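S.K.: Given the sequences, and given the hints that come with them, work out the whole structure.
Here the sequence shown is numbered in the numbering used here, starting from 24 and rising by one per residue.
It is possible that some hints are incorrect.
Unchecked claim - DSBU-like, lysine-lysine: derived pairs with alpha carbons at most 35 Å apart:
| no. | residue 1 | residue 2 |
| --- | --- | --- |
| 1 | 88 | 179 |
| 2 | 184 | 94 |
| 3 | 90 | 179 |
Said to hold, decoys possible - Ranges of calculated distance between the beta carbons of each label pair, as one might list FRET restraints:
| no. | residue 1 | residue 2 | range |
| --- | --- | --- | --- |
| 4 | 125 | 171 | 55 to 61 Å |
| 5 | 171 | 34 | 53 to 59 Å |
| 6 | 165 | 127 | 46 to 52 Å |
| 7 | 25 | 203 | 38 to 44 Å |
| 8 | 52 | 173 | 36 to 42 Å |
| 9 | 199 | 32 | 34 to 40 Å |
| 10 | 86 | 186 | 24 to 30 Å |
| 11 | 34 | 199 | 38 to 44 Å |
| 12 | 177 | 65 | 47 to 53 Å |
| 13 | 130 | 63 | 18 to 24 Å |
| 14 | 93 | 175 | 48 to 54 Å |
| 15 | 130 | 168 | 26 to 32 Å |
No wet-lab data here; the hints were simulated from the structure.
In this text the structure is predicted, and so the values were computed from the model without any measurement.
Yeah, the Cβ is synthetic: ideal placement off N, Cα and C, and Gly gets one too.
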Amino acid sequence: MSVHVIADTRDSLSALSRMLDQQHAVTSELLGGTSLRHDGIDAVVVAADLSVVDNIAALKAVSTKLKRAAKRIFLIDRKGRLSVVQAYALGATHVLRNPVSQAQLLAKLADGDAIATTRDEIGSIGQEAASAGAASIVSMFSAVSSGAPVDVRGAKNAGSKIAESVGENGLSNWLTTVRRHHEARGTDRRDVPRRAGKEHVSGHKVIKPVLGMS
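M.R.: Structural data, given as structure tokens:
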């Protein structure tokens, strides 16, 4: 198999090439000067820090050429889901988290099976955030109606999950997730307590739902 390695440092480039060159025909080049002039590439292995704007720009510039390879394996350093989403957005077909062993990389090149973190699992992040947001809003309305303290910690936690989902998947995808969440639960605006429509409830100002959670 012809494998082309792209990395943002010379050390990574050398290390990855040594992992692969005994079993595959390997070519390599540093990210930033990437031309992908080699024909007949079966797979591309990309090792780059996706938190660096210049790296993202460089990969976008060659994205069309990258997609000529049927298999595009991105190696990422960060454990956050955002890096996985970014890798797929840049054209990855598979994502592995560093440190990656020689056995892992060779196996991924050989079989092409889906990795543990899949697109479906990424989508479930939005569902989790939608559920947390809905539960938090119901809790706040209930607390305001009864005069009980608002669960501020729970609201902050739900807000963080919503912000993370929007940041990773975009606002449009988030709103679609919210709509599907309500459809699955059979909820609509009639489920919100009637008193929540007033400007004030029990002397407290009502916190209006945000980001489509109403």
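S.K.: For each hint, tell me whether it holds in the structure or not.
M.R.: So, going through the hints one by one against the coordinates:
| no. | hint | result |
| --- | --- | --- |
| 1 | 88 with 179 | violated, 43 Å |
| 2 | 184 with 94 | holds, 32 Å |
| 3 | 90 with 179 | violated, 40 Å |
| 4 | 125 with 171: 55 to 61 Å | holds, 58 Å |
| 5 | 171 with 34: 53 to 59 Å | holds, 57 Å |
| 6 | 165 with 127: 46 to 52 Å | holds, 49 Å |
| 7 | 25 with 203: 38 to 44 Å | holds, 42 Å |
| 8 | 52 with 173: 36 to 42 Å | violated, 56 Å |
| 9 | 199 with 32: 34 to 40 Å | holds, 38 Å |
| 10 | 86 with 186: 24 to 30 Å | holds, 27 Å |
| 11 | 34 with 199: 38 to 44 Å | holds, 42 Å |
| 12 | 177 with 65: 47 to 53 Å | holds, 50 Å |
| 13 | 130 with 63: 18 to 24 Å | holds, 23 Å |
| 14 | 93 with 175: 48 to 54 Å | holds, 50 Å |
| 15 | 130 with 168: 26 to 32 Å | violated, 56 Å |
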